[in-house]
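K.L.:
Protein chains in written order, with this note's numbering: chain G, 1 to 214; chain Z, 1 to 195.
Simulated from the structure, these hints should not be mistaken for laboratory data. Take the hints with a grain of salt, since some may be wrong.
What the hints assert, rightly or not - Chain Z stretches covered by chain G per the calculated footprint, using a threshold of three residues with CB under 8 Å from any CB of chain G:
1) 92 to 106
2) 125 to 131
As the list claims (entries may be wrong) - Far from chain G, some chain Z residues (derived; all Cβ distances over 10 Å):
3) I42
4) R47
5) V151
6) P173
Cβ atoms here follow ideal geometry from the backbone N, Cα and C, with glycine treated the same way.
Each chain, written out:
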Amino acid sequence: MSRPEHEHPYDPHLQRPTYLPPEPAPAQAAPPRPPRRRGRFAPLIALVILLPAWLGFLTWRAANQSYAQNSYTVGSVVPRGQPGEFAGATWRLTSIAPAPPPPAGSLTRRPPGGATLVRAYLEVTPHTAAAAKAIYGCSFAGRDDRDRFWDTENSTDTDDGVSDDCSAPGLGARYLPAGRAQKVAVTFLVPTDAARSVRPLVRPTDRAPYVLFE
Amino acid sequence: MSMRRALIAVICAALLVALVAANRLVPSYDRQTRPISTSGAIGERVRTTAFEIRADHVSVGHTLVEKDGLGEKPQRTNGLWVLVWADLTGVDEPVTLDTAYLRTTDGHRYDTSDRMGFGSLDDTGSEPGLTRHGAIGFEIPPNRLAGARLVVGPAGGENRLGAQADIDLGLTPALARRMVADAPPEVAYDGAEYR
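In isolation and in its complexed conformation, chain Z is listed as follows (with noise of 0.2 Å):
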């Protein structure tokens, strides 16, 4: 009799310790909430519910020229140009990558470069079935390249359980090192264009 009530007496403990760790593993408001996020790598087609997106290569340089009707637009930058290019397309309506940053491996987070014009992938988007290509540029650090991630959704500060994707861009240390020890003066960029 005794060993029984032992018995159920542990049981209790043990459920109430569970309810407490339960209730401890309860996610906040805003993990609740955050973009459904969809990883990649690169050279991978990543689906979500809003858009899909193929990054094909990084290029990377320390002056960025844009090039559009008017001429051409030189623009240095103290860190490192980092282009990312990529083949966007919306699933059901048109989509803008409102959220789009880099995130480096010690968790900073770099957003889209504004000095880089409209023609951007990111600004210019995509509608369904129609597949256009362009690059997403970034002002960064050159230490701050390998293992840098593009992170990019449909909407701004409001994803609220939005679209995400999430790209590892296969920047090694040894690549990344190599690419900043070997990046040209210019990089060049004229536009998105339909694939």
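Chain G on its own, in the form it takes in the complex (with noise of 0.2 Å):
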């Protein structure tokens, strides 16, 4: 049996030629590239070096703030030439200024360089007896306007029979009578660059905050 002529011996949909490289098989999908070991890890890189260096930060500035507490706690503000009641008194700023110098013979030392003695006068009036006695252990200090702070100077003598505390002057201790206006006179020692912005604060009691007087 004669082949017909049109079926070449190669026809490809008759027989496949042998010598005929074999068709390449058909392309796989590439697997799937595992993401980077650096960035899986790269957050708990960060973890362990930003951890420390916070709470190293935390550390310091705990370590470096300031804990100490103000001794002197401002209750109250009396506005310049105004009375101020408290503890069952009234309490009024009458003067303050640099005091003159001491006289000779004084007990007073004469203040050292860079530094002023500066007097204020209060008047201070208990409506009663037992406000008398409350306000008897008062205490007094000073203030200017860098907030820095000085007690009174006790070894100042003010040579016009003044009391320098909440009783009444002269000898022993005695309360400052009720129902009348007393002045009291403080002094405070201070850099002379805080002669002209030192206020008194007042503690009208011993448990009482201070009462700034402007």
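Two independent chains are provided; combine them into the complex using the hints.
P.N.:
The structure is reproduced here in structure tokens:
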């Protein structure tokens, strides 16, 4: 049986020629690329670095923070020229000014260089005997416009017979008389740069906050 | 896969160890709240949040002679009087040095001598902008002078997180030996004064 003319022995539809290279296998899909290791561990590395750094910063900040409590808690402020009512008494700042140099023979020593004595006069009127007793232990301090504080200067001699605390002037411990305005003089030794701005703080009783007289 | 698991296990173990170690590093309450100390050396100005101090020299002697308006008051010691002279200035408010001691190299602590009068610098204190110069007095065994440091602070036992200065007084062994050998019979003190 003869082969028809059009049937070529190499007709690919009929027979695959044995000498042709095999068809390439159908391309397979590439496997998904694993994520890079550095990317996976980055949050962990960041945590290991940032957490100690943050804790270190907090420790440093805590170590450098001032925990010192101010010893002079100001509870109220009395405007200049106004009286204040505290602990059953009326308080008024009548004057404050640098004190003149102490006279010869005074118990008061001359202020050291760069320092000035400042004297404040207050008028105190306890309304009752109980109030006079309550304010007997009053105390004073000075504060300047830079929030610096000074205690009163005890080694001074006002030379004017005015009490320097909330007791009646003269010898012996006596309460201020009730119902009468009494002068009290307090003196501060401050650096000269604070002499103009220092203002008296009054603590009417030993448990009360300070009152600032502007 | 198994490598990855092993790595994760190692990291977890390391973190666990780090956690335990970090827990052990947590300071005790006393350590957390102890005074905040500022270090310095003799001749340097040491500034803390509450005061500024500059120790300028150390003098020693066998008898302290305090001079005041009532006369002289000699006080002999079995050890050695050590006076640390310094300038003290308050920063924002009046300050007295309720904590003041010498710390020796072997860890001993010598508080100020209560036989020294109220004119000592630690008792007198200072106020803002007003520098006082005076001495802080100690009685110590002569063999503890070398390496001693001055530690001062404004509050006593409850000085939690308060200011403190820790000053190296520069007392090398050779200098301390010489000071002890040449210690005069008397060392005089007449109170703290404003600069």
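K.L.:
Next step is simple, just say for each hint if it's right about the structure.
P.N.:
Results for each hint:
Closer than 8 Å: that is the beta-carbon criterion, and the segment 92 to 106 of chain Z has 3 residues meeting it against chain G, so the requirement of 3 holds. Counting residues of the segment 125 to 131 of chain Z whose CB lies closer than 8 Å to any CB of chain G gives 4, which reaches the minimum of 3, so the coverage claim holds. Look at I42/Z: its CB is around 24 Å from the nearest CB on chain G, clear of 10 Å, so calling it non-interface holds up. The claim that R47/Z is not at the interface with chain G holds, since no C-beta of that chain comes within 10 Å of its own (minimum 12 Å).
Annotated as non-interface, V151/Z keeps its C-beta farther than 10 Å from every C-beta of chain G; the closest such distance is 18 Å. P173/Z, annotated as away from the interface, keeps every beta carbon of chain G farther than 10 Å; the closest lies near 33 Å.
Hint compliance for this structure: every hint is met.
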